[in-house]
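Chemist: If you want the building blocks of each chain, they are given just below.
Number of protein chains: 2
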Amino acid sequence: MASPLPHPLGVVGLGLMGASLARAARAADPGLRVVAVEPRPEVRRAALEDGVAQVALAEPGPELASCPVVVLCTPIAAIEALLGPLSRLVGDGAVLTDVGGAKEHLAARAAEQVRPGVAFVGAHPMFGGHGGYGGARADLWRGGRVAVCTDGAPEAVERVAALHAALGAEVIRCRAAEHDAAVAMVSHLPYLVASALAVAAGEAGPLALRLAGPGLKDTTRLAQFPFDIQGEVSRRNARLPEAAERLSRHLGRLLAAVADSPEAARAALEQARAAREALYPPRGEGGT
Amino acid sequence: MASPLPHPLGVVGLGLMGASLARAARAADPGLRVVAVEPRPEVRRAALEDGVAQVALAEPGPELASCPVVVLCTPIAAIEALLGPLSRLVGDGAVLTDVGGAKEHLAARAAEQVRPGVAFVGAHPMFGGHGGYGGARADLWRGGRVAVCTDGAPEAVERVAALHAALGAEVIRCRAAEHDAAVAMVSHLPYLVASALAVAAGEAGPLALRLAGPGLKDTTRLAQFPFDIQGEVSRRNARLPEAAERLSRHLGRLLAAVADSPEAARAALEQARAAREALYPPRGEGGT
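Residue numbers (the working numbering), protein chains in the order written: chain A, 1 to 288; chain B, 1001 to 1288.
One chain only, chain A, in its complex shape:
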């Protein structure tokens, strides 16, 4: 039986996502060759020694011409910058795909810059972590969810979906605009809210810091993301202002209910509690 994985597989960027993707693909098909692009020489060396990549290039080169699929696993600004150049290195019929967290803007860039004869299909694994190359895991894809954008050519979309499915992920097909509206609400807005709350709490003075507990810690956790990872992605999500307006409306409504009467406060906040339970059925998480 032929492997469902594209052979050789191009992987650009050997951080946590790229190196995990390469490890997962090699675990699924030990005969698979990975052609990697990675600027850091020590990471290239490690990837070759570890068998994570069989070819490791310092920059995109003609070796990518043999790859039917190339996955861009760099921060999103680099994904955008590389789309045009990579499309001129790969062969006719090749597919470029990515792991970036905002899809509409990238699809528009791809439409401008990817050469005719090469397809671009946006994808977004809804998982990740920390640790870069050293934190990469062959099972990172297993049981995770990957949004695959259906805006591109159907045959190319199915090749990208098949790749993620072969690595053990659940594929969620959606339009780039649908993806961005959803992710604005569940990821990019929470990041901005966490960031705003961290600044506001930081201004509240030393007593506030002494009285802060795990509640503020969890609520501001996302503010830790480096700008190059989450800020650059959020900045590219045109659906973010709409999500923020929706949140502001609900926050204003809750504040008004709290000021209005005990009954109004109870009704509004119990509805919010039910909404949280619908999102994440409770299992005794701790602490204020």
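Calculated from the structure, these hints are not laboratory results.
We put the beta carbon where it would ideally sit given N, CA and C, even for glycine.
A partial selection of chain A residues facing chain B, derived with a Cβ cut-off under 8 Å:
1. Arg221
2. Pro262
3. Ala265
4. Ala278
Derived Cβ-Cβ restraints for the label pairs, each shown as a range:
5. A:Glu277 - B:Ala1267: 37 to 45 Å
6. B:Ala1165 - A:Pro206: 18 to 26 Å
7. B:Glu1158 - A:Gly252: 39 to 47 Å
8. B:Gly1084 - A:Gly131: 55 to 63 Å
9. A:Glu277 - B:Gly1131: 12 to 20 Å
10. A:Gly131 - B:Glu1042: 45 to 53 Å
11. B:Glu1263 - A:Gly205: 23 to 31 Å
12. B:Ser1261 - A:Gly131: 29 to 37 Å
13. A:Gly143 - B:Glu1263: 37 to 45 Å
Per the computed footprint, the stretches of chain A lying under chain B, defined by three or more beta-carbons under 8 Å from a beta-carbon of chain B, are:
14. 168–180
15. 195–202
16. 205–215
17. 224–234
18. 253–261
Let chain A serve as the given structure and place chain B on it in line with the hints.
Modeler: Coordinates of chain B only, in the frame set by chain A:
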């Protein structure tokens, strides 16, 4: 040496906080008698059997007359309702104190309802958890922080501070108004923000739910609190609207920076990241 603990110690409410307080006091001074008030008969029985309380009353009664200090450990609405009646049961010179999460409103109620000759000192342990009586721990106070309000008579304030210090907590003295302003920002506003975000995310449709990850989960965790615990407390914090305005201002500023330019977005979001790192020095917390 005399025990620094008031003897006998009155504890009203044997949920997690009251039962942990009683356990901690008995662990610090095994000869201490605890006079508890608890409406649930099975909890009264357990407390007597476990040695957590030596007297367990179904409702406040004349047995409290012997207690120089009575700590109210019920939800805040019950604390308010009990202040007047308890002040008529305890002796002259006794101190009533509590563990409620908002202090200004309660101090005003106490000023109206606590009889002359009895002092009220507001206190707020900045820790807690789940599990009610069964989850109570003798070491819950140890290493925790307790805000003790300095608005009351200085001698009474010091007795309450000494109680919490004897149980192993760090005492933070502050005015009730200072407490509420600080806690509005680090606890009550995060609760309302988490609640608003849970409602907004819940409205975002099934794709958003499928794409939601640990970021949304952490950011909305506080929305799980029952209204009787956190809603009733937040509702009593007059400083909440001011904290919410500050947050809205910063969220608006971040959104404007994100829309303005890559440079403005980077500056604003890196400043927020630095604010989060100042609040909680990073140690590799995971996941988006």
